[in-house]
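Residue numbers (this note's numbering), protein chains in the order written: chain A, 1 to 161; chain B, 1 to 615.
Simulated from the structure, these hints should not be mistaken for laboratory data. In this text, a Cβ means the ideal position worked out from N, Cα and C, and glycines have one as well. Some clues are possibly wrong.
To be clear about the criterion: a stretch of chain A counts as covered by chain B if any three or more of its residues have a C-beta under 8 Å from a C-beta of chain B, and this derived list gives those stretches [stated by the list, open to error]:
#: 1; stretch: 37 to 47
#: 2; stretch: 115 to 127
Restraint-style ranges between C-beta atoms, simulated for each label pair [what the hints assert, rightly or not]:
#: 3; chain 1: A; residue 1: G107; chain 2: B; residue 2: R393; range: 41 to 51 Å
#: 4; chain 1: A; residue 1: G103; chain 2: B; residue 2: R548; range: 32 to 42 Å
#: 5; chain 1: B; residue 1: D595; chain 2: A; residue 2: G103; range: 52 to 62 Å
Pairs of lysine-lysine residues, derived as DSS-like cross-links and limited to a Cα-Cα distance of at most 25 Å, are as follows [as the list claims (entries may be wrong)]:
#: 6; chain 1: B; residue 1: K43; chain 2: B; residue 2: K53
#: 7; chain 1: B; residue 1: K89; chain 2: A; residue 2: K22
#: 8; chain 1: B; residue 1: K322; chain 2: A; residue 2: K149
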Amino acid sequence: MKKTGNYSAKTREIVKKHGGEKSALIAVLQDIQEAFNYLPKQALKTAASAMNLPLSRVYEVATFYTAFSLKPRGEHVVKICMGTACHVRGASSIQDKFERTLGIKPGETSADGKFSLETVNCVGACALGPVVVINTEYHGQVTMAKVDKIVGKINKEGAQS
Amino acid sequence: MKKISNPQALRQLQETLKKDFDPNKKLVTICAGTGCRGYGCIKVKEELETEIKKQGLDVEVRATGCFGFCEKGPLVVIHPEKIFYQQVKEKDVADIVSKTVASGEVLEKLLYRDPDTQQTVLKEEEVPFYKKQLRLVFGQNGMIDPTRIEDYLIIGGYSALAKTLSEFTPEGVISEVKKAGLRGRGGGGFAAGVKWEGSRRAHGEPKYVIANGDEGDPGAYMDRSLMEGNPHSILEGMIIGAYAIGASEGYIYVRNEYPLAVLHLTMAIAAAKEAGLLGKNILGTDFSFDIHINKGGGAFVCGESSALFASIEGRAGEPRAKYIHAVEKGLWDKPTVLNNVETWANVPLIITRGADWYASIGTEGSKGTKIFSLVGKINNTGLIEVPMGMTLREIIYDMGGGIPNGRKFKAVQTGGPSGGCIPESLLDLPVDFDKLYEVGSMMGSGGMIVMDDKSCMVDVAKYFLAFLQEESCGKCVPCREGVRRMREILEDICAGKGKEGDVELLEHLSTGVADGSLCALGGSAPNPVLSTIKYFRQEYDAHIREHRCPAGVCKALITYSIDPEKCTGCTLCSRVCPVQAITGEKKQAHTINNDLCTRCGACIESCKFDAILVK
Chain A
1 MKKTGNYSAK
11 TREIVKKHGG
21 EKSALIAVLQ
31 DIQEAFNYLP
41 KQALKTAASA
51 MNLPLSRVYE
61 VATFYTAFSL
71 KPRGEHVVKI
81 CMGTACHVRG
91 ASSIQDKFER
101 TLGIKPGETS
111 ADGKFSLETV
121 NCVGACALGP
131 VVVINTEYHG
141 QVTMAKVDKI
151 VGKINKEGAQ
161 S
Chain B
1 MKKISNPQAL
11 RQLQETLKKD
21 FDPNKKLVTI
31 CAGTGCRGYG
41 CIKVKEELET
51 EIKKQGLDVE
61 VRATGCFGFC
71 EKGPLVVIHP
81 EKIFYQQVKE
91 KDVADIVSKT
101 VASGEVLEKL
111 LYRDPDTQQT
121 VLKEEEVPFY
131 KKQLRLVFGQ
141 NGMIDPTRIE
151 DYLIIGGYSA
161 LAKTLSEFTP
171 EGVISEVKKA
181 GLRGRGGGGF
191 AAGVKWEGSR
201 RAHGEPKYVI
211 ANGDEGDPGA
221 YMDRSLMEGN
231 PHSILEGMII
241 GAYAIGASEG
251 YIYVRNEYPL
261 AVLHLTMAIA
271 AAKEAGLLGK
281 NILGTDFSFD
291 IHINKGGGAF
301 VCGESSALFA
311 SIEGRAGEPR
321 AKYIHAVEKG
331 LWDKPTVLNN
341 VETWANVPLI
351 ITRGADWYAS
361 IGTEGSKGTK
371 IFSLVGKINN
381 TGLIEVPMGM
391 TLREIIYDMG
401 GGIPNGRKFK
411 AVQTGGPSGG
421 CIPESLLDLP
431 VDFDKLYEVG
441 SMMGSGGMIV
451 MDDKSCMVDV
461 AKYFLAFLQE
471 ESCGKCVPCR
481 EGVRRMREIL
491 EDICAGKGKE
501 GDVELLEHLS
511 TGVADGSLCA
521 LGGSAPNPVL
531 STIKYFRQEY
541 DAHIREHRCP
551 AGVCKALITY
561 SIDPEKCTGC
571 TLCSRVCPVQ
581 AITGEKKQAH
591 TINNDLCTRC
601 GACIESCKFD
611 AILVK
């Protein structure tokens, strides 16, 4: 789902929804990211001027919080849980396996724009560990063999649609 | 819902709702916490509804909050008999409806089976996981639909607020909370009543109350389960707290990764406002109070009070020096009380049942119950609520069911990245705020991560330091640089490049990091390292002196080989090996070329004969 529409208009609308309050900056950025799947440069500039904030402040907040991405993310965002419970159950081998299978490291997006790989601190579904969340779907007790199946299934669905 | 005009009207409404609620009516509850959703409980719920309709029955299917026994989800309970079904799949639904719901017949295969005795257990409260629990705060989760305020009112919800407004002065509430001995559930364990009193006395308007739902400790998810499963209990606690300190505005700061919690809290706030339990002139009195929700941006440091304030103010979450306490100058420099969501959820209990009752539970210095998340290498993963003072052994073995696959217990990590690892010799430690602190760990928000003999303690210390380095906001140099340096040393040790004196250097750096950091993140960052050195020094020495990882975790220090006795030559491992390091003829024992092997573990996972050896 790629949206390349007019970043500025949508951003102004979002700022207006939050009443233009400076304290709503984080909420504004969250909404921008929800709309575009990342924080486009133009949107940050528009938000800064509409909220009467220096761009440096907006940039500071946008880079401080890990939820924000300044780069476009892939169609499917793969989040590997790195919580302690998942760690002791072998999350790092699952991460290695995803890196090998997708050919990307955490924070990167595959060349075809299909997958982004991210790590997340804990999703609080420890009974399912190791857990991987793809978009909003939880995959529990993930094994290396399962990784191939999960990725294969997504690729197949993509090919059909 | 119509606005409730006074405390008396609330009581009447509860009575009316209770009359319509027949406790003997058939009801099917299904756990819809995030864990069970991961197992696919929503499909089971839909299937239950379809099947019940198909069979022409008049039975409600209620999706509730988390029941706690996440290991065995999806969980379903049939009321009023309270028949407890676990690991329910869609294909089981037809039988559940036609047999159990329609005619009370119990399906043995869905009951919990004791792994030792093989006996099945009929009711939830008889399952060993639940037996020793005291679920005062968390227990209602399994009964109510968190999206309906009526469900909360039926179980007596908002009675504590009505009692507060009709019987207590603000000072009276504070003295009750102080007398109860309620301590903050978020980590520090500071006395809640003392905080409230400080803020009540402080000058400045408006005053704020905040619920900290930025549950950042990896392996802890009790706050999320409360926010998702019983959001009104948190609101009620906050409203009572606001009345006590004279606050007019409140915030709930929820972690970014918890969308369901945000949804349920938003619905709860809207419903409470509509009912006149929140907003202007609460229950017809001149007390007004409103609550907003703030979503975090995914920064662990925002669990720290002053960083959390900065985040609500729309800035980067950097802590500040606390020469002046938050109770005097907190959010927007106004008097602020910040408590964890679990702390707030305890408040209605204290008001309803009294400080003396509350103080009778727990240990001398830690009153009431605590919810723990029991996770890691444990048979029964889940959330448990127990009185303070229960021993680690009871928690891990009686409720947790011990370690899977008959392996040996090695340590339990408590307190998140600020806590420490507790060894087997301390299993009889009664768990409370002070006892955990004494052994070099802490309560934290209540995460308990159990580790077995396949967990490497140096690797665990490295894991936490890597976490903390990522999450350090970078303001204080000792934390930013010190934690990084400690991580590098630990990485060297795990890579077989450790030197004599590294452990001492880690200890030395720990002092600097702890003393030189403004907030608790840096202040307690060395704990995972110090506690593992204290209790597992021999593992550090094995890495450094013998270039050996006793647990078989650190990749640079281990080699894989194949046991020719066990290998059947099925070729599975050679097919999954990503680097073609395994060779051998069909039906002949295979061998691993260690020059090629990356120790990824794919062969171990695939081998059905346990033939891959790690040394």
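Given pair status - K149(A), K322(B), alpha carbons within 25 Å: violated, 51 Å
Between K43(B) and K53(B), does the CA-CA distance stay at or below 25 Å? holds, 15 Å
Given the hint of 41 to 51 Å, is the C-beta distance from G107(A) to R393(B) inside that range or not? Check passed, 42 Å falls within 41 to 51 Å.
Chain B covers the stretch 37 to 47 of chain A, three or more CB atoms within 8 Å, holds or violated: This one is violated; 0 residues, fewer than the three required, reach chain B with a Cβ under 8 Å.
Would you say the C-beta atoms of G103(A) and R548(B) sit inside 32 to 42 Å of each other? Since G103(A) and R548(B) have Cβ atoms about 34 Å apart, the given range 32 to 42 Å holds.
Between the stretch 115 to 127 of chain A and chain B, are there enough contacts, at least three residues with CB-CB distance under 8 Å, for the coverage claim to hold? holds (count 8)
Please work out if K89(B) and K22(A) have their alpha carbons no farther apart than 25 Å. violated, 49 Å
Given the range 52 to 62 Å, decide if the beta-carbon distance of D595(B) to G103(A) lies inside it. violated, 24 Å
Hint compliance for this structure: hints 1, 5, 7, 8 are broken, all remaining hints hold.
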